[in-house]
Amino acid sequence: VLNAMLARYDVTPEMLFYRFSELIPQHFGIKIHFLRYHQIGEKYRLIKELNMNQLMVPSGIGLDEHFCRRWLSVRLLREISAAQETGEWERFPPPDIHISRFYNSTDQFVALGFARSLLLTSGVNSSVTVGFRLTPDLYNKIRFLNDPAIAHVTINETCERCPLLDCEVRAAPPTVLEAEQAKERRQLALQQVNYHTSSAEIAQ
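The opening position of the sequence shown corresponds to residue 23 in my numbering, with each subsequent residue numbered one higher.
Keep in mind that the hints are not guaranteed to be accurate.
Stated by the list, open to error - Result set (EDC-like, lysine to aspartate or glutamate): computed pairs, CA atoms no more than 16 Å apart in a straight line:
#1 53 to 159
#2 65 to 101
#3 70 to 44
#4 53 to 129
#5 65 to 86
#6 53 to 71
#7 65 to 87
#8 70 to 36
Unchecked claim - Listed next, with one range per pair, are the computed distances between beta-carbon atoms:
#9 213 to 164: 48 to 54 Å
#10 214 to 51: 30 to 36 Å
#11 142 to 208: 50 to 56 Å
#12 213 to 74: 16 to 22 Å
#13 173 to 212: 24 to 30 Å
#14 51 to 195: 40 to 46 Å
#15 125 to 30: 35 to 41 Å
#16 101 to 125: 46 to 52 Å
#17 110 to 208: 47 to 53 Å
Don't read these hints as lab results, they were simulated from the structure.
Every residue, glycine too, gets a C-beta built ideally from N, C-alpha and C.
Taking the hints into account, I'd like the entire structure generated from these sequences.
Set out below in structure tokens:
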């Protein structure tokens, strides 16, 4: 259906989803998030963001950190990059959908996305995603959400902050998480030393 809309209105995925971001909240009362990523080589960059869902988008973190590869936006870019290497890519590959849940959270989101190669910018792939917070009311408005073919995925912010060590698409070790855990251990050890020192002084 989405590919048919691209052909009918002769628009790019970015234009179609941007229009969705204007019409869906207005006519259906559904808050959305809109994300556009670019891939240049092995780097992924968040280019545009409209976030009405308070989605934990990792946009204010270290530039050297690696976006979670399980996000639909990033996965689509990885897939189109792999297809380009084998010569099997299309101008507008099929769109995809998944339902994601953040690690250690009950918040779930539905995401629809496209990825494509930018014709006017050599060597750059782009993905656009429009998403919705998953609520009981959303099931009434989007009837196909119970389709068992829709993948359910656990995501996080960046690889450096993620404890999922068995992740099959991890791009970097959890260095930020390990540093935070080490800091917590040092603080706990210091508190224990201070406690025992105070107890000994009282005993004297």
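Hints versus structure:
With a C-alpha separation of about 12 Å, the suggested pair residue 53 and residue 159 falls inside the 16 Å cut-off, and the hint holds. With a CA separation close to 14 Å, the supplied pair residue 65 and residue 101 stays within the 16 Å bound. Using a Cα cut-off of 16 Å, the hinted pair residue 70 and residue 44 holds, with the two alpha carbons roughly 15 Å apart. A threshold of 16 Å between alpha carbons decides the hint, and for residue 53 with residue 129 the separation of about 14 Å falls inside it, so the pair holds.
Taken as a hint, the residue 65 and residue 86 pair is honoured in the structure, with Cα atoms around 9 Å apart against an allowance of 16 Å. Under the criterion of a C-alpha separation no larger than 16 Å, the hint pairing residue 53 with residue 71 is consistent with the structure, at around 14 Å. With a CA separation close to 10 Å, the supplied pair residue 65 and residue 87 stays within the 16 Å bound. Taken as a hint, the residue 70 and residue 36 pair is honoured in the structure, with Cα atoms around 10 Å apart against an allowance of 16 Å.
Evaluation of the 48 to 54 Å hint for residue 213 and residue 164 yields a pass: the beta carbon distance comes to about 49 Å. For residue 214 and residue 51, the Cβ-Cβ distance of about 53 Å falls outside the hinted range of 30 to 36 Å, so the restraint is violated. Roughly 51 Å separates the CB atoms of residue 142 and residue 208, a value that falls within the hinted 50 to 56 Å. Between residue 213 and residue 74 the C-beta distance comes to about 41 Å, which lies outside the given range of 16 to 22 Å.
Roughly 45 Å separates the CB atoms of residue 173 and residue 212, a value that falls outside the hinted 24 to 30 Å. With their beta carbons about 43 Å apart, residue 51 and residue 195 fall inside the hinted range of 40 to 46 Å. In this structure the hint that residue 125 and residue 30 lie 35 to 41 Å apart at CB holds, the actual value being about 39 Å. Hint check: residue 101 to residue 125, Cβ distance near 22 Å, so the stated range 46 to 52 Å is violated.
Evaluation of the 47 to 53 Å hint for residue 110 and residue 208 yields a pass: the beta carbon distance comes to about 51 Å.
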